[in-house]
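Q: Guided by the hints, dock chain B onto chain A, whose structure is given.
Residues per chain are reported as follows:
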Amino acid sequence: MDREHNITHKLGNKHKVALVVVVVLVGFGLGFGSAHLVSGYIAYWDVVSGPFFLSVRVASAATAIAGLTGIASGYALAKGRFPGRDLLETIGSLPVILPPTVVGFYLLEVLSPGTSTGGFLTRATGHVLVYNATGCTIAATVAAYPFCLRAARAAIEGVDPALERAARTMGLPDWRVALQVTLPLARRGIGAGLAIACARALGEYGATLMVGGDINGKTRTMSLAILDAFTTPERDTMLLVLVLIAVSAMASVGLLTRSRA
Amino acid sequence: MTAALELAVSRRIGEFDLDVAFKVESGISVLFGPSGAGKSLTLSLIAGLTRPDTGTIAINGNVVTDCARRTYVSTQKRRIGMVFQDGLLLPHRSVLDNVALAVRQAKGRRARRAIAQSWLEQVGAEAFAHRRPGSLSGGQRQRAALARGLAGDPALVLLDEPLSALDLEVRQELRKLIRGVITSSNVPAVLVTHDRDEAIELGDVIIGYRAGRVTGSELVERPAPTEPGPTSPGDTGPA
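For the protein sequence lines, the chains are A and B, in the order given.
Residue numbering for the first sequence follows the numbering used here, beginning at 1 and increasing consecutively.
Residue numbering for the second sequence follows the numbering used here, beginning at 1 and increasing consecutively.
Chain A on its own, in the form it takes in the complex:
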């Protein structure tokens, strides 16, 4: 019992260490930038904050939308036999197979007010869907969706169907079997898919550039801002911050992976 308690205690500490490493290193990176701001060398935060918060907003919305639609369609593919099943599977895989700029090109064709579908969608929603934050979110959602779909489908297919049958004998209707048995049992795989999808949405570049443009203060996400920064004198500062963030991310992943093993 004591031994079990100690192991649990150690695992908890490792998670805490990982979090501390992330916070310290990211803080160090931001602090480094702030120092430049104070010294007047570069208005670092002013440059970074807009793209940073836009990226967080876009990635959060994209992960939520891709998560919900991906889990629902992953469930349908794992459990159902219906017309258009193969088509759904193929469409779901396209954003992974196609280059992001090509996906962006297709999205632009579908969403631009000048095209027939885009014109219809603009009139129907009362909102232009390109060259704004909505366009960035749509691009990031399309990029993130296949990861949610595939992870959810694999995780749901991995749930023992005997447990779902047992739940039916308990009188649970199918929707409760899905929500209270299948999805909770598939949560680890779905969670992993959501994490990858979030990372993909955060790092989305090609399609976002096509659909959102690279408008400073409006559609410039972190990924776009990073490329822009590399063409300015702040290149070295940006490089250092990115290295620090990458090292902290790798350290966190390493610690978390080791603590689970």
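Hints are not guaranteed to be accurate.
Here are some chain A residues pointing at chain B (derived, C-beta under 10 Å) [said to hold, decoys possible]: (1) 172; (2) 178; (3) 180.
In silico negatives: residues of chain B with every beta carbon more than 10 Å from chain A [as the list claims (entries may be wrong)]: (4) 17; (5) 19; (6) 34; (7) 72; (8) 108; (9) 126; (10) 214; (11) 222.
Residues from chain B that keep clear of chain A, each with C-beta distances beyond 12 Å, as calculated [to be verified]: (12) 58; (13) 83; (14) 153; (15) 170; (16) 205; (17) 213.
These are calculated hints, taken from the structure and not from any lab test.
Keep in mind the model is a prediction, meaning the values are calculated, not measured.
Ideal Cβ placement from N, Cα and C applies to all residues, glycine included.
A: Below, chain B without anything else, positioned relative to chain A:
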């Protein structure tokens, strides 16, 4: 008197051909026969987890399957309780939650948990009510599975070799428990086993199975009980 279960069904799976017909009244009816005789398939057909090719199934006089009329009542609406060979408790929920999920006759989480708790006490599983199934022994899991099978106020309980994965000592202990709890709750039950001693100890009626056919049935004679059994928690719980 309406039979608790009446069935006449056939189902072909590959080379195997099941074609059986029997009635079940009150008490425990045991489907007894060698492995591969079609006993568990019969339970699956009764539960609605598998559809027969032909035939009808009625529980308490209500037709739940009628192939000719294309009537198939879903598993959820058959009001059955089922105890599986390996328990099949939901691993992400506590034992108490597993049983509470099966309670149909009460509204509200607290009421369902109260009924579940009383069933766990009835089967001697209250000590591990808040543990996850993964941390339980085989015997403890089957106690919890028995409580879950009975907690939903079922019209019929189906037990699919509930003791076959347990060692002899635990098996003998649980035989007494199953017999006592099912008899006292007064729910008709169909139990599958290939163990002759188990069939005789648990059953009121033994229905013989061989190669997908019923070979006959016999009543098991028992001395009259000397003292009344415990009352059903479903009757006394705060429903």
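Q: The output says residue 17(B) does not contact chain A. Does that hold with a beta carbon cutoff of 10 Å?
A: holds, 23 Å
Q: Test the statement that residue 153(B) is away from the interface with chain A: the closest C-beta pair must be farther apart than 12 Å.
A: Violated, because the least Cβ-Cβ distance between residue 153(B) and chain A comes to about 10 Å, which does not exceed 12 Å.
Q: Compute the least Cβ-Cβ separation between residue 126(B) and chain A, then decide whether it is above 10 Å.
A: holds, 20 Å
Q: Tell me if residue 172(A) is really an interface residue toward chain B, meaning its C-beta lies closer than 10 Å to one of theirs.
A: Result: holds, 6 Å to nearest chain B Cβ.
Q: Any Cβ of chain A at or closer than 12 Å to residue 205(B), or is the non-interface label fine?
A: Answer for residue 205(B): holds, closest chain A Cβ roughly 23 Å.
Q: Per the stated criterion, does the least C-beta distance between residue 72(B) and chain A lie above 10 Å, as a non-interface residue requires?
A: Check passes; 13 Å lies beyond 10 Å.
Q: Taking 12 Å as the cut and beta carbons as the points, is residue 58(B) off the interface with chain A?
A: holds, 18 Å
Q: Is the hint on residue 180(A) kept, meaning its closest Cβ partner in chain B is under 10 Å away?
A: Interface hint status for residue 180(A): holds (7 Å vs cutoff 10 Å).
Q: Using Cβ atoms and 10 Å as the threshold, tell me whether residue 19(B) really stays out of contact range of chain A.
A: Consistent with the label, residue 19(B) stays out of reach of chain A, its closest Cβ about 24 Å off (over 10 Å).
Q: Per the stated criterion, does the least C-beta distance between residue 34(B) and chain A lie above 10 Å, as a non-interface residue requires?
A: holds, 23 Å
Q: Per the stated criterion, does the least C-beta distance between residue 222(B) and chain A lie above 10 Å, as a non-interface residue requires?
A: Non-interface label stands for residue 222(B): nearest chain A Cβ at 29 Å, farther than 10 Å.
Q: Taking 10 Å as the cut and beta carbons as the points, is residue 108(B) off the interface with chain A?
A: holds, 16 Å
Comparing the model with each earlier hint shows violations of hints 2, 13, 14; every other hint is respected.
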